[in-house]
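Engineer: We have chain A already, so just place chain B on it with the hints.
These protein sequence lines map, in sequence, to chains A and B.
Start counting the first sequence at 1282; every next residue gets the next number (the numbering used here).
Start counting the second sequence at 21; every next residue gets the next number (the numbering used here).
Quick caveat, the hints were computed from the structure, so don't treat them as lab data.
Output of the computed footprint for chain B on chain A, the stretches with three or more beta carbons under 8 Å from beta carbons of chain B:
1) 1291-1302
2) 1306-1314
What follows is a list of derived Cβ distance ranges for each label pair:
3) A:1286 with B:93: 32 to 38 Å
4) A:1323 with B:179: 18 to 24 Å
5) B:132 with A:1303: 29 to 35 Å
6) B:74 with A:1338: 42 to 48 Å
Calculated pairs, DSSO-like style, for lysine-lysine (alpha carbon to alpha carbon, straight line, at most 30 Å):
7) A:1326 with B:153
8) B:189 with A:1318
9) B:66 with B:76
10) B:152 with B:189
11) B:110 with B:152
12) B:153 with A:1314
Just so it is clear, CB atoms sit at the ideal spot from N, CA and C, and this is done for glycine as well.
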Amino acid sequence: MASTAAVPFWRSAGMTYITYSNICANLVRNCLKEPFKSEAISREKVHFSVSRWVDGKPQKPTIRSDTPEV
Amino acid sequence: MFRQATHRLLTRSTTTTTTTTIRRVFSTEVATDASSGDAAFIESWKKVAPNIDPPKTPSQFMEPRPPTPSALPSKLTVNFVLPYAAELSKAEVDMVIVPATTGQMGILPGHVPTIAELKPGLLSVHEGNDIKKYFISSGFAFVHSNSYADILAVEAVPLDRIDPAQVQKGLSEFTQKLSSASTDLDKAEAQIGVDVHSALNSALTG
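If we strip away everything but chain A, and leave its shape as in the complex, we get (with noise of 0.2 Å):
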C-alpha cells in the first residue's frame, strides 16, 4: 500500500520540513528593515554545547555558537 501523495520539492532532496522552515523565516529576518532585522537576528542567537555519550561517558563536547568568540 504505497502512498502516492506528491512530496514537496525539498522532501525529496532530503530536507526536512523543519530545516525548510528555518530556512524561509532566516530569508525573511534577512529582507528586514534596521532596527528590526538586528533585533529579529540578536533574538535567534544560539549558543549551546553537545556531547555525544559513548558506555556512559561524555565525549568531548562541541560548541555550536552564533556568539564570536572574545
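Structural biologist: Just chain B now, with coordinates in the frame of chain A:
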C-alpha cells in the same frame, strides 16, 4: 506494516455484529467539563481508598476547550502566535485569509475544521473595515469546530518592516544560484530562496 492495516480495516467494518470491537473515542466526544474529574477513575479510587479524597488529575487543572455553540457564531476567534510572542490572543475578527500551500484560504466563522500547512505569503486579518496584513515565513493554521482559528507562524512581519531593496537583491541572487546549482540539496535551497523572495515581492507590490 501496511498489509496489517488493510486487514484491520476490513475486520473492523465486517465483524461489528459478531464480535465486540474496540471503539476509539474521537477527541470531539471527550467531555469538556473538567471540574468533575474522570468519573471512572474516581469510582475505582473510592473502591480502593474510600476515606481519602481522590487526587486531581492533570485535566482538572486545564481550562476546558471552549464548547461548540449550536448556532453559528458571528465572529471568528483567532490566536495568532509566533515562537517568541503572541500577535493576537483570542481576538474576535470577521475573517482571516491565510496563505495555505493550496492557495489563499479565507476562514470565516463556522468554517469546517481544517488543518492547513502555510507557505511563505500574506496573512490578512479583517475586522470591520480594518485589514491588518502580515508576511508569514511558514507555519500552520488550525480551524476548530467552535470557530476558533489557531495560526502558528515561525516569522510574521507587518509589511512596512520589509526592505524592498533587499528583496530584489535576494531574488536575483537566488535565481542565479538556481541556474548554477549542482546537487539536489543546492537546487532545493535555491528554489526555496526564489519562492520566498518572489512571495515577498508580490506581497509588497500586490
